[in-house]
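Listed below, chain by chain, are the residues.
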Amino acid sequence: MNIVDRVRIESAILRYDFWLEMRGLRGSRRRELRRELRANLAEAATDVGTTRALFGIGSPKQLAYAATDTDPSRPRWSQGALWAALVFGLVIFGCMFTAIAFTAGVEASGVEGRRVHGFVFPWFGVDFAAQVEPGRSYAAGAGGVGAYFLGLPLLTFLLVAQPWRLLRRERHAPAATSDRA
Amino acid sequence: MPAHDPQMLKGVLGLLLLSMLATGDNYGYGLVTQLRAAGFDDLAEGTVYPGLTRLESAGLLESHLVRSDSGPARKYYRLTPAGHAELAARRTAWEHLVQSVHTATATALITGETA
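So the sequences go chain by chain: A and B. Sequential numbering of the first sequence, starting at 1, is according to UniProt numbering. Sequential numbering of the second sequence, starting at 1, is according to UniProt numbering.
Keep in mind that the hints are not guaranteed to be accurate.
Okay, the calculated beta carbon distance ranges per label pair [claimed, not checked]:
1. Thr51(A) x Ile110(B): 32 to 42 Å
2. Ile110(B) x Arg168(A): 46 to 56 Å
3. Thr92(B) x Leu154(A): 50 to 60 Å
4. Ala38(B) x Asn2(A): 26 to 36 Å
5. Gly49(A) x Arg91(B): 35 to 45 Å
6. Ala106(B) x Leu167(A): 43 to 53 Å
7. Leu15(B) x Gly89(A): 41 to 51 Å
8. Leu155(A) x Thr103(B): 55 to 65 Å
9. Gly11(B) x Arg52(A): 22 to 32 Å
I should point out that these hints are in silico values taken from the structure, not numbers from a laboratory. In this text, a Cβ means the ideal position worked out from N, Cα and C, and glycines have one as well.
Generate coordinates for the entire structure from the input sequences, incorporating the hints supplied.
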């Protein structure tokens with residue numbers, strides 16, 4: 001097997017591992033499945049060639065999903081963290097966008113030299129403030145936005161990660177693998 | 001030989017794997033080649049490997065690693081006592097299904113001929 005074939009196989013294994021991680025498999029089980037796939041792919045590549053061997057397993061994502069259909073899962077911490085980060089980014093973007101729009105509204109209304117406060121939909125409980133100085137300098141702020149910055153990502157994290165899966169883990173122990181080499 | 005219906009194949013995959021492993025320990029790709037030699041030419045590795053993982057997770061198979069001269073250590077599977085019991089149950093269910101299908105299709109054939 002040449003270096004290109006090795007890289008192609010390792011790439012498939014990496015993608016397989018990524019989706020196993022996304023499915024919430026613990027590290028030791030992932031290692032075990034990774035090692036098994038590597039051995040099977042090496043065997044198949046020797047037998048029918050790397051291209052056919054990789055074609056045979058299909059999409060690493062589908063393979064990982066099919067392999068974990070009935071596996072006892074730990075909470076999906078990785079997926080939870082990814083989605084929480086995405087929501088955090090969206091909240092920051094939305095808040096900044098709203099503050100800028102609010103400031104533009106204050107400027108358009110012609111109020112200068114004093115701080116203007118207001119509530120903007122859908123930011124319930126957030127106090128937006130803007131001040132436009134005559135020399136076209138701006139100041140904007142948002143008070144009470146911490147609940148959105150922390151609360152929404154945290155809620156997303158919990159809903160996606162599903163920590164209550166921990167309760168199911170002990171009921172379904174995986175089969176042990178012994179090394180009889 | 002005509003290709004097998006993937007849905008039908010999926011339904012009997014567990015029975016096939018358990019049956020193959022009843023004849024002796026084997027590993028993923030070894031089972032693929034064994035099944036292909038038995039006539040399942042269109043059986044993909046991507047179907048067999050997850051099937052083995054599911055059977056192992058269900059406690060029907062156990063596994064051990066065996067070093068290979070040609071590459072990484074192979075993961076060999078063998079039936080557990082629960083796997084043997086499951087194989088017997090699936091065989092019975094399969095025979096019953098075949099018999100029922102045979103009866104139903106034979107009846108339909110006779111009715112169709114006399115009509």
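**Request:** Taking the numbered hints from earlier one at a time, note which ones the structure violates and give those numbers from smallest to largest.
**Result:** 1
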